[in-house]
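Novice: Residues per chain, in single letters:
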Amino acid sequence: MNATWSRFNVTSVVLGFAFLYLPIVLLIVFSFNESKLVTVWGGFSTKWYVSLFHNQGLMDATWVTARVGVISATVATVLGTLAALTLTRYTRFRGRILFSGMVFAPLVMPEVITGLSLLLLFVAIGLDRGFFTVTLAHITLTMCFVAVVVQSRLVSFDRSLEEAAMDLGATPVKTFFQITLPVIAPAIVSGWMLAFTLSLDDLVIASFTSGPGATTLPMKIYSQVRLGVTPEINAACTILIAVVAVGVVIASIANKRREVQRQLDEQAAQRG
Amino acid sequence: MSNIAITDAGPSTSAKPFLTRLAGGFVSRLVIIVPYLWLLFFFFIPFIIVFKISLSQSAIAMPPYTPVLDFRDGISGFFSGFRELSFDNYVWLTQDALYFKAYVTSVIIAAISTVLTLLVGFPIAYGMARAPATIRPTLLMLVILPFWTSFLIRVYAWIGILKPEGLLNQLLLSLHIINQPLIILNTYTAIFIGIVYSYLPFMVLPLYSSLEKMDYSLIEAAKDLGCPPTAAFWKITFPLSLPGVIAGCLLVFIPAVGEFVIPDLLGGSQTLMIGKTLWNEFFANRDWPVSSAVAVILLLLLIVPIMLFQQAQARAQEQDK
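Chains as they are written, first to last, in the numbering used here: chain B, 1 to 272; chain H, 273 to 593.
Simulated from the structure, these hints should not be mistaken for laboratory data.
From a predicted model like this one, the values you see are computed outputs, not experimental measurements.
Every residue, glycine too, gets a C-beta built ideally from N, C-alpha and C.
Do not rely on the hints blindly, as some may be mistaken.
Said to hold, decoys possible - Stretches of chain B that chain H covers, calculated by requiring three or more beta carbons in the stretch to come under 8 Å of a beta carbon on chain H:
#, segment
1, 26 to 35
2, 74 to 85
3, 213 to 223
Assemble the whole structure, with the sequences as input and the hints as a guide.
Specialist: Spelled out as structure tokens, the structure:
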């Protein structure tokens, strides 16, 4: 196999990853810069992290973002899983085409359109803009991503397990919680994490649907970036990257362990 | 999948007590109805409202438009509202050359960036697909990982690199490749770089999944029969990777047309793109009806590519089964 991995292939993969990672690495490196100039190295320092924690506006925004992220990701995971079940299990019901359209369209819809349309809905039904409306908007956007992730797991799911459980007398609801849910759990967890990161990340939709007192972190970062690049923003970005990276690593380790455990179980079952 | 109908139609359940079946039917209906209603209310209806407001007059008030199709007067009020509809905002969009230019520029920029992303992404995806099977999952993980870091942060990182006194110019100046700093930030070049960078994983992932499935003995056979490598690429590799190419291009093109963050942060005030125009119309000019009209036309522009994307998505699902 190694013989077919030509020098050209290796070079393009290495260059590609360098292109993907270099900007992020540089951003992290310059968050530890002593100098106020982001692009001139003035020695190692963690002072921007210290000043970050004294920036009340930024801390407030972080708190708002964390709450919006957790609530919206959780609700979106429930709704997205239901949507995925609908898409894979119920192939015939009225309005199925509209439904699958509504699940897939938000994935590629320009954010300015989604943001504007949600805002106009909130104004039309007389909902005050703020924490609640941002959360609703994020649920709507991220549940579609959860649906796609969970759906891809459900497609490869062995239905005979469910049928066996039902033949043995389990109700559909019990079957779902005892058989289906444990099997698709890894996909649900990664769906939740994807939803949380998307919510953490969103600037455009939040800007449209947020109101006074509910400034999210991306909105805060954006308004500061417009005034100029500072090491303090680099520090804030670095912390955000670190949080997400740690989460992804933990999730992938957990997934891997579960996978190994499953293989061991299968082997044991075959031997027994 | 199509041979498995609704779960409670199977023969195994028919022997169950009536109440259990009733509960099962109720639950399965709930599974469909809850996400359905949510998306209907928060995704579908908002578009109708956008369409409606795009047909209303702007006003200095809060909300800044005169409502048409008001449901407060009941159904009769709704129908009498039809008479007040106006296409003024759309007429206005055609009269001001700015909007037309913004639409055209957005489509051109998105198209060029899509081609660039394909050119950058194809060798990466191909290299990944030919990599030893043991390291492929790691490579895949490395492509997905940047997707988890904030879009805003990734765009922001490029400001420090592309600035006149930024890292790229410092490097090129110190290597004596250039004598004067290149002006890249706040130009269309910076937008291209930003889009290619931000959307590269969207291109690489579908390309990789179709290239990985490819049977490489076909290329060996072509080589043995004396086919030059470039001809083999165009005759075998490219046609076989076409589903990935189409999916990747749509995943880049559609969001890139309406992109706001990249043109705003990297393109500066001079560059004209429709996502930015909509944002300014809304936040700076506070003209909700005109920004709604901009959104409606943007949506019409994207409806064909979005439907193509959904078809590709459905076809990929069929193949997975």
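Novice: Please check whether the segment 213 to 223 of chain B has three or more residues whose CB lies within less than 8 Å of a CB on chain H.
Specialist: holds (count 3)
Novice: In terms of beta carbon proximity below 8 Å, does the segment 74 to 85 of chain B have 3 or more residues touching chain H?
Specialist: holds (count 5)
Novice: Given that the segment 26 to 35 of chain B was listed as covered by chain H, double-check it with a C-beta distance under 8 Å for 3 or more residues.
Specialist: With 3 residues close enough to chain H, the hint holds.
In this structure, every one of the numbered hints holds.
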